[in-house]
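2 protein chains.
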Amino acid sequence: MALRGCLRVGPGLLRAAGPRGPPARGTCAGGRVSGGGEGPGSQPASLPRAGKGALSRLSPALALQPPSFGFLFDVDGVLVRGSQAVPAARLAFQRLADSSGRLRVPVVFLTNAGNCLRSAKARELSQALGLQVSPEQVILSHSPLRLFSQFHHKCMLVAGQGPVEENAQNLGFKHVVTIEALRKAYPLLDMVDQSRRPRELPPPTTGFPTIEGVILFGEPVRWETSLQLIIDVLLSNGNPGAELQDIPYPHLPVLACNMDLLWMAEAKMPRFGHGTFLLCLENIYKKVTGRELKYEALIGKPSTVTYRYAEYLVKEQAEKRGWKSPIQRLYAVGDNPMSDVYGANLYNNYLKSAQQNQVQAGLKRNPQAASEDHLELRKDCNSSVESCESILVCTGVYRHSTDVPSKREERATETVFHGHRDFCFDPSLVEASYIVQDVNDAVQLAFEKENWS
Amino acid sequence: MALRGCLRVGPGLLRAAGPRGPPARGTCAGGRVSGGGEGPGSQPASLPRAGKGALSRLSPALALQPPSFGFLFDVDGVLVRGSQAVPAARLAFQRLADSSGRLRVPVVFLTNAGNCLRSAKARELSQALGLQVSPEQVILSHSPLRLFSQFHHKCMLVAGQGPVEENAQNLGFKHVVTIEALRKAYPLLDMVDQSRRPRELPPPTTGFPTIEGVILFGEPVRWETSLQLIIDVLLSNGNPGAELQDIPYPHLPVLACNMDLLWMAEAKMPRFGHGTFLLCLENIYKKVTGRELKYEALIGKPSTVTYRYAEYLVKEQAEKRGWKSPIQRLYAVGDNPMSDVYGANLYNNYLKSAQQNQVQAGLKRNPQAASEDHLELRKDCNSSVESCESILVCTGVYRHSTDVPSKREERATETVFHGHRDFCFDPSLVEASYIVQDVNDAVQLAFEKENWS
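Residue numbers (this note's numbering), protein chains in the order written: chain A, 19 to 471; chain B, 19 to 471.
Keep in mind that the hints were calculated from the coordinates and are not lab data. Treat the hints with care, since some could be wrong.
Because identical chains cannot be distinguished in the list, a pair is counted as satisfied if it fits within a single copy or across any two copies.
[What the hints assert, rightly or not] As a list, the in silico DSSO-like pairs of lysine-lysine whose alpha-carbon atoms are at most 27 Å apart:
no. : residue 1 : residue 2
1   : 304       : 192
2   : 192       : 172
3   : 286       : 172
4   : 467       : 192
5   : 286       : 202
6   : 338       : 467
7   : 202       : 172
8   : 286       : 304
9   : 370       : 305
10  : 467       : 172
11  : 286       : 305
12  : 286       : 312
13  : 192       : 370
14  : 304       : 467
15  : 370       : 342
16  : 192       : 202
17  : 342       : 312
18  : 338       : 286
19  : 467       : 370
Could you put together the complete structure from these sequences and hints?
See below:
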């Protein structure tokens, strides 16, 4: 199966605008758990009505047939919190693995983390879950950048922390400049930290390459430095030592990975994610220039291209294991309504829309319909997946309320949109198909739905 | 002269909203220099018409009488750029000083810098200008905080860099917690920098005091740390280790000093100032909570309380020198239209309004008029100052254009508002009374207007 062939992506999708039509989630009514179950160890009082009904009609049986479904697991707030494993995670993976520790269904770890290598994340997960996770099972927020070959030969400024250069090179980028290298080349730009300012006027910078684009891998350290230098690069068209002339617009292409505003670590309140850094960058650019910062691509959850990539990896696993049943259903388990639930629902809509287009294409060749579908499904791809169901857990960012908020303040908080600026807020997209207490319950629920044990 | 008595400030002014009525700058028509004079060493082609007319009517004479005017000099972009003195600054101070190096007119250095002590800034200026500057001549952005005695006994979180604690203590704050101390007390909060995350789960924090307010002195280093911890404190009502309950609103009081978005150092493009940090904080708070971050006070230029304080210091100097003429006119020399010009014009409006109220008060006691005037002038203050004229120089942030912008993009850039969110954009407030090339020309202009040599 050729990845590039499967993932022909149009620019509209890569810029990751919100959904273009009403959501098509009629098959799986979602809802929030109401009443009880607030404590960390307690179970939710009830499953959504549709879910309960569906489950009551199924009688679990031994799984002799190959799986026709797969899991997409978020990591932070679902399997781990900071460096600590969530207790239910080990139980879930005992359920998922056979007696020899091999997974019985395809599993992809779909995280918006990006300041690390896939191999490092796989090692972390192996340790936390007590079974072998391979790098090929891990999708980091930047993983789909390998598809952006039009930038692979350009001189790209990269921001983030950890092995940013190595990540960029692994993804195919040949000519990369780090924030630190840019800072050293132009010592007069980074002036916030008084102790790092140059003591003497440095000689003019010569011979430094012109930057042609920016990749935002993840939240950097010293935000003031990255924010200043990225703004300088955008305002100067890639030559930040030059005198400010007319501000170029559209500005140089910006590719951003991971737009999560918040994530859940060990602290009791959520922590800033890369989305918070992007929010700062967008607002500074807008304040200084009066114009909107535009992204050439916004990838990672909830963007559809990331889920498309996850589907590809799920199928690849099934193929490698020799499981012949086509994968028909995906279960996306996450703790963040704006990232995991929104992304799964958006992808589910995409799948429904793609199926409809395929049917229409079979009846009549309609080029207009094809161009509206930004992520084209090639004939050589096995487009067997029919649905992507969202399962929200309560061990991370999301905590379900016990009752309807009574105070005005609480209602205001409930309706605050934590998604990215470029994703429209559609309340139905943050409604999970199911809400359960933890990842072990999520796996149990999916197994029951699949009549699997 | 009792400072506290002179500076009775109402909360409306301290929150530093924009002007409440149309500007009253009829006496001094302002205008931008048009044509020529773009190069760094060149002179502006012409002064505004009113200025030229006024000058032509005056014949300079030897100054035997004591001065009835004073100067407010901005520092960065006017007297220095980064660590380098602007060449015209020494010439200007040769003009201002007598043969023994003593100033012949009152001079206050009115800078929005805040990450230093007044004594350190005075030493820097002494070195750059070649004459003795005393700390009493320096107003840093936070200097008016000594008036906020209602917070002096509260537990205040302080953000900034340099001698933040010492500054707070010098200003009268008795109970101060730094960002670093808060970070150490709650090691799970600051999670952006992977290398600084705790390796093991720390014991719960006990005994740390509840924060009762926040002072933002100036731009800190590691913005992500300060942004996260300040947001945590506001969301938790001062107990950032606690579980997130209802978000308190109004939140704890926030006092912010220096709202300059940009400032001019040695680099060819402007650098981020504390206003850029505030912009990030405001937008993160808004995104996370859905509500506006409110300031209990926004001080430093262009807030009126800062100019009121400057007027007080100018008069104090004149008194100490034994100059008997009342100070009637202030000349505010700066490079930043949104800070120096806006502030001087706003203060000029305030002076006109105060004069009018005094006249009205003489005719009839009107309590309503007095309550509208947020900065009350006491009888024991010498309210002699009639005007505050803004003189814009071209050695810093502002560069005057040679002609009317022809392209649409340029026009858009010209109209971008770089002022703070809480100050309304009134185009007349950013129009300087005069535009000159540098600070030496500014002093010469004022001397000619005052018939002084």
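So, going through the hints one by one against the coordinates:
{"no.": "1", "hint": "304 to 192", "in the structure": "neither (31 Å within a copy, 39 Å between copies)"}
{"no.": "2", "hint": "192 to 172", "in the structure": "within (7 Å within a copy, 55 Å between copies)"}
{"no.": "3", "hint": "286 to 172", "in the structure": "between (42 Å within a copy, 26 Å between copies)"}
{"no.": "4", "hint": "467 to 192", "in the structure": "neither (46 Å within a copy, 63 Å between copies)"}
{"no.": "5", "hint": "286 to 202", "in the structure": "between (38 Å within a copy, 16 Å between copies)"}
{"no.": "6", "hint": "338 to 467", "in the structure": "within (25 Å within a copy, 87 Å between copies)"}
{"no.": "7", "hint": "202 to 172", "in the structure": "within (21 Å within a copy, 43 Å between copies)"}
{"no.": "8", "hint": "286 to 304", "in the structure": "between (33 Å within a copy, 20 Å between copies)"}
{"no.": "9", "hint": "370 to 305", "in the structure": "neither (40 Å within a copy, 32 Å between copies)"}
{"no.": "10", "hint": "467 to 172", "in the structure": "neither (48 Å within a copy, 58 Å between copies)"}
{"no.": "11", "hint": "286 to 305", "in the structure": "between (33 Å within a copy, 19 Å between copies)"}
{"no.": "12", "hint": "286 to 312", "in the structure": "between (34 Å within a copy, 25 Å between copies)"}
{"no.": "13", "hint": "192 to 370", "in the structure": "neither (38 Å within a copy, 64 Å between copies)"}
{"no.": "14", "hint": "304 to 467", "in the structure": "neither (48 Å within a copy, 41 Å between copies)"}
{"no.": "15", "hint": "370 to 342", "in the structure": "within (23 Å within a copy, 86 Å between copies)"}
{"no.": "16", "hint": "192 to 202", "in the structure": "within (21 Å within a copy, 41 Å between copies)"}
{"no.": "17", "hint": "342 to 312", "in the structure": "neither (43 Å within a copy, 61 Å between copies)"}
{"no.": "18", "hint": "338 to 286", "in the structure": "neither (41 Å within a copy, 57 Å between copies)"}
{"no.": "19", "hint": "467 to 370", "in the structure": "within (20 Å within a copy, 77 Å between copies)"}
Hint compliance for this structure: hints 1, 4, 9, 10, 13, 14, 17 and 18 are not met, and every other hint is.
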